[in-house]
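Novice: These are the residues of each chain, in order.
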Amino acid sequence: MNFNIVEFFNQTIDLIHKQHHGSIPLILFIGILFGVIIQWSRVDTFDKIAGFAMLHGFKVPKMLFFSIGIASIGLYFMIKMGWAHYHIKPIVLGGILIGGVIFAIGMAILGLCPGTGPVAVSEGNMDVLTGLIGGLLAGALFTYLYPDLKSIIGPNFGKVTLTQLVNHDWFIFIYGALLIFIAFWLPEREVEEEVGEI
Amino acid sequence: MNIPKRLGWIPGGIALAVLIWFTFSTIGADRPIGASTGIAYMGAWFFGLQNSEYFQHIKNSGSWEVIFLIGVLIGGFLTSVFITKTFKFRILPPLWKKHKNNSPASRLIWSFIGGFMVVFGARLAGGCTSGHFLSGASQTAVSGLLFGGIVIVVLILTGRLFYKNL
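Residue numbers (our numbering), protein chains in the order written: chain D, 1 to 198; chain Z, 1001 to 1166.
It is possible that some hints are incorrect.
[What the hints assert, rightly or not] Distance condition first, Cα-Cα at most 20 Å in a straight line; then the derived PhoX-like pairs of lysine-lysine:
#1 Z/LYS1059 x D/LYS150
#2 D/LYS159 x D/LYS80
#3 Z/LYS1164 x Z/LYS1097
#4 D/LYS18 x Z/LYS1097
These are computed hints drawn from the structure, not numbers from a lab. Computed from a predicted model, the values in this text were never measured in an experiment.
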């Protein structure tokens, strides 16, 4: 094991400089905005996420569906204008099916996911910190087992999007509108907010 | 001027959509938002697995996401101190107390197991809520929609089976 943080950051920053995905301040800026939005909306709490798993509150799916609905329409035209590019993940059927099930069980128990988890840690939820340690171990174990897991993850059905399959501009409006409709259609119910205790 | 202490799902959703546009745009990072690769990258690095096939495969996305997640920690911390005023060291979420048990030890152990499953599952699937659903579904990616559908169903099923007094 190697916990040399200085070496870790030197190598990490070095890797980022070799890519064309923004400078360190820009990436930090994007991360800060993400943290602010998630924390300010309070969708970083066990009560909101596990509360949705128990069907007590719907703020998390409402915000997610609404956000994707708006983002999808804008992104479609940004890509058409050349202001952005597609970054599609492949359909690795076994990985998505098995991984999706494991991920969702873990998400209902932890009450958080990899993006919202760090926000929960940053406001003092020590339980989520142990979840993060579990996540780091899982990442290491997965990396170690990857050669054996490859056969489970495949077959790869390629990088497919619905807009490619339909191939008409109007489709993105139907897609976006449907997601926005779902966001409004889901119940307004929310888990009442309380501060947790030790 | 009074800033609101909470963002509703409509302003929150709009803000998140704008952030997705900026991150994807060529004046931004020209890439999607993602989080789970960053955690796998960190875990693999600490365990000295830099030369493994998988680390080589994820090192670009992973390094980007580590810096992203540091920003997330900063943004979340500052907002919890100055805007939402929710910063507090704590272990037991109120809903866990109501529907599971009163034991901090039990919560810590289950959190560890849950966190382990979340990252392992996300790495099998190739993404998490951020990468597959938020970024993937915004591009109408079939992989992201499939992942999102499975996760919503299993999340609700687990909610039924794992918790009590619903």
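Novice: Next, verify each hint and record whether it holds.
Specialist: For each hint, the structure was consulted:
Simply put, Z/LYS1059 and D/LYS150 have alpha-carbon atoms about 18 Å apart, close enough for the 20 Å limit, and the pair holds. For the suggested pair D/LYS159 and D/LYS80, the alpha carbons sit about 18 Å apart, so the restraint of at most 20 Å is met. Between Z/LYS1164 and Z/LYS1097 the alpha-carbon distance is near 11 Å, which keeps this suggested pair within the 20 Å criterion. A C-alpha spacing of about 47 Å is found between D/LYS18 and Z/LYS1097, which places the hinted pair above 20 Å, so the restraint is violated.
Hint 4 from the list above is the single one not met by this structure.
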